[in-house]
Amino acid sequence: MSKTTREDLDEDSSLLEIVFNWTIKEVLNDNLYKHKVHKIPQTFKSVKEYMNSFIPSLIEETRSDMCSGLKGLSRAPFCEIVAVEIDKEYFRPPKNLSYLLKLMNHSDKEDVEDEEEGGRGKSYEPMLGDVIAFTDIRPKRIEDLNRPKKFFHIGYVVRPKIGHTNEIPILSSKYMETMNEFDTSGVKKLYAVHLMNILPNVRIWKALNSQLEDSDMSIIEKVLRQDSNIGRKCQICPAGLNVLGISSISNMIQAQNLDESQEDAVSSCVSMTKCQHNSTIKLIWGPPGTGKTKTVACVLFSLLKLRVRTLTCAPTNTAVMAVASRLHSLVKDSLEHETYGFGDIVLFGNSSRMKIDGYLGLKDIFLENRVKNLVKCFAPLSGWKHSLESMIQLIKEPKKIYKLYQKEKGVMSLEDFALQENRTVEFDYSSYRRNLPFGASRMTMKEFVKMKYSDIVEKYRSLVESIMTFDQYVKKIFGDLKRKLKFCMQTLYTDMPTSFIHISDVRRMIRALDLLGTLENLLNQVQYKPTPNYSDYEDGFADDDDEEEHEEAEILDYLGWSSFNRKLCVGLLSTLSHSISIPPINESRAIEKFCLSNSCLIFCTASSSVRLFTEGMAPLKFLVVDEAAQLKECESTVPLQLPGLKHCIAEKTDFGRSLFERLVILGNDKHMLNVQYRMNPSISIFPSEEFYEGRLSDAPILSDYNKRFLEGEIYGSYSFINVAKGREQTGLGHSTKNTIEAAVISEIVGNLHTEFLRTRKKTSIGIISPYNAQVYEIQEKIKNYTSVSDPDFNVSVRSVDGFQGGEEDIIIISTVRANGAGKVGFLSNRQRTNVALTRARYCLWIVGNASTLFNSDSIWRKLVRDAKKRGCFHNASEDKKLGQVIEDALFEIELLDESESTFKKLSLGTKTEFGGSYSRKSSWNRPRKL
0 MSKTTREDLD EDSSLLEIVF NWTIKEVLND NLYKHKVHKI PQTFKSVKEY MNSFIPSLIE
60 ETRSDMCSGL KGLSRAPFCE IVAVEIDKEY FRPPKNLSYL LKLMNHSDKE DVEDEEEGGR
120 GKSYEPMLGD VIAFTDIRPK RIEDLNRPKK FFHIGYVVRP KIGHTNEIPI LSSKYMETMN
180 EFDTSGVKKL YAVHLMNILP NVRIWKALNS QLEDSDMSII EKVLRQDSNI GRKCQICPAG
240 LNVLGISSIS NMIQAQNLDE SQEDAVSSCV SMTKCQHNST IKLIWGPPGT GKTKTVACVL
300 FSLLKLRVRT LTCAPTNTAV MAVASRLHSL VKDSLEHETY GFGDIVLFGN SSRMKIDGYL
360 GLKDIFLENR VKNLVKCFAP LSGWKHSLES MIQLIKEPKK IYKLYQKEKG VMSLEDFALQ
420 ENRTVEFDYS SYRRNLPFGA SRMTMKEFVK MKYSDIVEKY RSLVESIMTF DQYVKKIFGD
480 LKRKLKFCMQ TLYTDMPTSF IHISDVRRMI RALDLLGTLE NLLNQVQYKP TPNYSDYEDG
540 FADDDDEEEH EEAEILDYLG WSSFNRKLCV GLLSTLSHSI SIPPINESRA IEKFCLSNSC
600 LIFCTASSSV RLFTEGMAPL KFLVVDEAAQ LKECESTVPL QLPGLKHCIA EKTDFGRSLF
660 ERLVILGNDK HMLNVQYRMN PSISIFPSEE FYEGRLSDAP ILSDYNKRFL EGEIYGSYSF
720 INVAKGREQT GLGHSTKNTI EAAVISEIVG NLHTEFLRTR KKTSIGIISP YNAQVYEIQE
780 KIKNYTSVSD PDFNVSVRSV DGFQGGEEDI IIISTVRANG AGKVGFLSNR QRTNVALTRA
840 RYCLWIVGNA STLFNSDSIW RKLVRDAKKR GCFHNASEDK KLGQVIEDAL FEIELLDESE
900 STFKKLSLGT KTEFGGSYSR KSSWNRPRKL
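Numbering (numbering that gives the first Met the number 0), first residue to last: 0 to 929.
Each statement offered as a hint is correct.
Result set (DSS-like, lysine-lysine): computed pairs, CA atoms no more than 25 Å apart in a straight line:
id, residue 1, residue 2
1, K592, K620
2, K406, K475
3, K362, K331
4, K760, K880
5, K354, K782
6, K375, K481
7, K70, K24
8, K592, K645
9, K631, K645
By construction, these hints were calculated from the structure, which means they are not laboratory data.
Full structure from sequences and hints, please.
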């Protein structure tokens, strides 16, 4: 992209074009857009001005992310490409830059090489939205990409991997020479290195530039108008659920065991559904642990009962799945039968990132799973209809079905088989007959074949013995069809919207499965012939005496099927065949659209809601935004443009910078939740006073939250653990880390695991750090414990944003910063600090450098002062085990520092010129016995 174009920031240019035209030098230039990025104003003259105000910030954020990706090249995942060819499906002459990359299947040898490289390329598979660098070497530093006259440019993954072909469709920034299989000797290789994923930003770009299908700006326009009535109570509609004629919903809300503030919030939000006069936005505000997710789930449960089509979105997959999981639990307890009703709820997103398996029940509502099931169910030659009709036919006429099977297998008389195998048989038999003496007895052709052609007879015997007997065939086919029908029935009542399948049909399905089970049990009691007797087939079909009217009763009697059970089962299956109408589609995209268009509740991230801007998509009336304070204002413009949207509910922890802050300024109706149910009271003291003016009260149940997991005052319910000798270092992607703190935390986790093995008390531990490099450092130090398969001992290490909406028994916070100047960077962010301090149920242990935090003139100064005042401040060095760990870690750091300077060739255990021996080993780095 030229400098002139960049200065103009042409709104018609796509974000991808801008990214493609950056040079490495420009990406690394933190001042590239400094003069263009300004604070977003409070008021705007038009929606277009409002949208355009975010574009420079979005471009700068994309550049910053790519800059981080380049700086983290040393650990960036990569894969080897073995072939490049033009993507003919998307060929656009004269300038076509669409290609298919064929990825290498890793051999054992390559896996070893990857491990030597740190495992970077072992399992990387480019995903939709990835920006990847193409290079002919495995880059370890930025300079490796910036070599003169060397192959390097970038690409964008436009679609997921194509089936099982190992082919990835990409859009390239430059022309690529198409190549077949690369030279396996290694002379010519091409690598794809992951830099970042910009899919959310691409979606936001489309929203800001009004490129979404049938987008509706009416709600955004009303929000931006300061004289708007949006969010204010309607003067026409009466208040109260009973007046609105939905008293049953009111009773349901009261049954959810909500406190007064939660019940008021739910009732107020649900009452919006009956108003057709005013677009309304309500805010559910509350400190962490006050049951915001539970409150939102109750609102959604009510909207589901009222059949109000609603989208629920959040800034992260973790937050989306948390509220979806809570809603799933509410719905499951209310279902009349098993999973019937989940078809009205859809959760969608990137399966590789969401890790659905970790959330109980979410497979029932996950779109990707649903589509896979429905594709099988709707398949015309093997799905519901085919299996149903085949089962009906088998139960009604098993002998007829068996004879069709015999024909398919090529069953025929011995003489026909002989004629088919050897053309001379007929000639030989004719010669035999001509040469017979007058009056001699004559063999039949079958007898002739048996006598003269033993090889043909043996082959015939093998054919016959490969064919199942009637008994075997009926049992096998019945079992196969029953399994298919059971799968299809479960799929239909779980994955189909309830508007397409009535509860009476579900009851018929259950009854039909019971009857099929009865028939199968009777089949299993039949005494089977071990193998077919080939002599039964020598004259053609066995038992083929054309007396069908006599056979049916004998066959049914032989199978053990009573006429009553058989006719009842056929009747039920026939009724289901006519009463359940499945759509005439069997392609994944069409089924996906069918599910999204006919569901009542939809869950996804805010940026992913762009998938709902599709022609023919049924409009959504309600929008619920969970964790709204964490949602970037520009990202919220995606779901707010959905056509037909009438009302919005925003749930937020605190009034951070987002579109919903404008609603507060406009005087919108908001409901504050003020009773917290998560934290031990000693943990909630500081957040309540600092963030909520002391208005946060503890639920009575929390008086029993006094679990102790380790002995010693340092491990109380609330503790600041001062690591005075901690050191800041540059880690992954130029992020900050503190290996001393990581060592201390590793020791604490090890002690917790030892105690768990002794007591077997279920323990969940969350370790939070605001810096990605520290997250990685801690993950490496405690991998012996995170790999433990015992479900009762769980350790999770994530960033602050990664823990948004989560909670654990024990939370350990690593603050990382340790310097004489009191610099804490974005650690001073009050909103993220609030999130980190409010994730624990029983114990919160804050690990940090008290001096640095106290001198920072931030919220952390207050926290350190509060901990000292309450007697919750402890020096890590005063604990014997932690003190030793700190000394060991310091020793290793000093040794590494020396080896990188004066003694570059010095290794552990080697004598130095001073006569000493560096043979001391770190206790925290030694793996514990698990």
